[in-house]
Amino acid sequence: KQEVTQIPAALSVPEGENLVLNCSFTDSAIYNLQWFRQDPGKGLTSLLLIQSSQREQTSGRLNASLDKSSGRSTLYIAASQPGDSATYLCAGGVISNFGNEKLTFGTGTRLTIIP
Amino acid sequence: DVKVTQSSRYLVKRTGEKVFLECVQDMDHENMFWYRQDPGLGLRLIYFSYDVKMKEKGDIPEGYSVSREKKERFSLILESASTNQTSMYLCASSLRGWENSPLHFGNGTRLTVT
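Residue numbers (the working numbering), protein chains in the order written: chain A, 1 to 115; chain B, 1001 to 1114.
The following block holds chain A by itself, in its conformation from the complex:
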């Protein structure tokens, strides 16, 4: 069974700094890894998706990497801004025993950017 871990649970960083969020997963037969952002009281917004054949994906100031052999993914945020404050969740996709696609979520890292 896929398990996804995000450490730390919370992180505070001064505005302008670069930062890295971590995500670990147990099943290396992962077929994609997704990063989401969640603002308080809202649903999740998809940020980046890395397919199993890829090593990284970039969107603006965000860069996500995937290392299947070590069971790790990172989300790099460059030049952080107060508007980046949110909870960031990662999710690993696998194919279940019944051939269904299934996504398992970490519990998230709550990021606060200090102005």
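Incorrect hints may appear among the rest.
With a straight-line cut-off of 27 Å between C-alpha atoms, the simulated DSS-like cross-links for lysine-lysine are [unchecked claim]: (1) K102(A) - K1013(B); (2) K1018(B) - K1070(B); (3) K1(A) - K1003(B); (4) K102(A) - K1053(B); (5) K1055(B) - K1070(B); (6) K1053(B) - K68(A); (7) K1(A) - K1057(B); (8) K1057(B) - K1070(B); (9) K42(A) - K102(A); (10) K1070(B) - K102(A); (11) K1070(B) - K1(A); (12) K1070(B) - K1003(B); (13) K1018(B) - K42(A); (14) K1055(B) - K1003(B); (15) K68(A) - K1(A); (16) K68(A) - K102(A); (17) K1057(B) - K42(A); (18) K1013(B) - K1055(B); (19) K1070(B) - K42(A); (20) K1003(B) - K1057(B); (21) K42(A) - K1055(B); (22) K1018(B) - K1(A); (23) K42(A) - K1071(B).
Which bits of chain B does chain A cover? Going by a derived footprint, with three or more residues having C-beta under 8 Å, they are [as the list claims (entries may be wrong)]: (24) 1039 to 1046; (25) 1104 to 1110.
Using C-beta positions, here's what the derived DEER-type ranges look like [claimed, not checked]: (26) S24(A) - Y1050(B): 35 to 43 Å; (27) G1016(B) - A79(A): 51 to 59 Å; (28) S1067(B) - L11(A): 34 to 42 Å; (29) S70(A) - E1099(B): 31 to 39 Å; (30) P1061(B) - A9(A): 26 to 34 Å; (31) K1053(B) - N18(A): 43 to 51 Å; (32) P14(A) - G1097(B): 38 to 46 Å; (33) S1065(B) - N18(A): 44 to 52 Å.
Calculated from the structure, these hints are not laboratory results.
Every value quoted in this text rests on a predicted model; they were computed, and no experiment measured them.
Heads up, the beta-carbon is just placed ideally off N, CA and C, and yes, glycines get one too.
Based on the hints, put chain B in the right spot on chain A.
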């Protein structure tokens, strides 16, 4: 842009009531999902569906059922609401063969059962 719409943002129900949570997506996605989100436990999959009239149990289906009569609509039913079902409920959708198709979420329904 994909839109996933959940019919209610906030809902308060009494113990024992039958509760319907509705979700509609407008992008012809085959896959639809219901999750609940609780502090410290993260998102847990309740039920999912890969096609009309299809449903599969997720990790925590007890106390819930679902209905998918039309491709765009996926309903979550609490047959007899209990206080331990107080939670944030999130609906999501994606294309089939979703290695390259991200999950799109609605804004959630915060359900309180008293």
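Going through the hints against the structure:
1. K102(A) - K1013(B): 30 Å, violated
2. K1018(B) - K1070(B): 21 Å, holds
3. K1(A) - K1003(B): 31 Å, violated
4. K102(A) - K1053(B): Answer holds: K102(A) to K1053(B) is near 19 Å, not above 27 Å.
5. K1055(B) - K1070(B): 12 Å, holds
6. K1053(B) - K68(A): Violated - the C-alpha atoms of K68(A) and K1053(B) are around 35 Å apart, more than 27 Å.
7. K1(A) - K1057(B): Holds - the C-alpha atoms of K1057(B) and K1(A) are around 15 Å apart, at most 27 Å.
8. K1057(B) - K1070(B): 19 Å, holds
9. K42(A) - K102(A): 22 Å, holds
10. K1070(B) - K102(A): 22 Å, holds
11. K1070(B) - K1(A): Violated, at roughly 31 Å.
12. K1070(B) - K1003(B): 16 Å, holds
13. K1018(B) - K42(A): It holds: about 25 Å lies between the C-alpha atoms, which stays within 27 Å.
14. K1055(B) - K1003(B): 22 Å, holds
15. K68(A) - K1(A): Within the cut-off at roughly 16 Å; holds.
16. K68(A) - K102(A): 17 Å, holds
17. K1057(B) - K42(A): Status holds; Cα separation ~25 Å.
18. K1013(B) - K1055(B): 25 Å, holds
19. K1070(B) - K42(A): Since the Cα atoms of K1070(B) and K42(A) sit roughly 26 Å apart, the hinted pair holds (cutoff 27 Å).
20. K1003(B) - K1057(B): Between K1003(B) and K1057(B) the Cα gap is close to 24 Å, so the pair holds against 27 Å.
21. K42(A) - K1055(B): 26 Å, holds
22. K1018(B) - K1(A): With Cα atoms ~32 Å apart, K1018(B) and K1(A) exceed 27 Å; violated.
23. K42(A) - K1071(B): 24 Å, holds
24. 1039 to 1046: With 5 residues close enough to chain A, the hint holds.
25. 1104 to 1110: As far as the region 1104 to 1110 of chain B goes, the hint holds, because 6 residues have Cβ atoms under 8 Å from chain A.
26. S24(A) - Y1050(B): 35 to 43 Å: 28 Å, violated
27. G1016(B) - A79(A): 51 to 59 Å: 53 Å, holds
28. S1067(B) - L11(A): 34 to 42 Å: 40 Å, holds
29. S70(A) - E1099(B): 31 to 39 Å: For E1099(B) against S70(A), whose Cβ atoms are near 21 Å apart, the range 31 to 39 Å is violated.
30. P1061(B) - A9(A): 26 to 34 Å: 28 Å, holds
31. K1053(B) - N18(A): 43 to 51 Å: With a Cβ separation near 49 Å, K1053(B) and N18(A) satisfy 43 to 51 Å, so the hint holds.
32. P14(A) - G1097(B): 38 to 46 Å: Given about 43 Å between the Cβ atoms, the range holds.
33. S1065(B) - N18(A): 44 to 52 Å: With a Cβ separation near 47 Å, S1065(B) and N18(A) satisfy 44 to 52 Å, so the hint holds.
Hints 1, 3, 6, 11, 22, 26, 29 from the list above are not met by this structure, while the remaining hints are.
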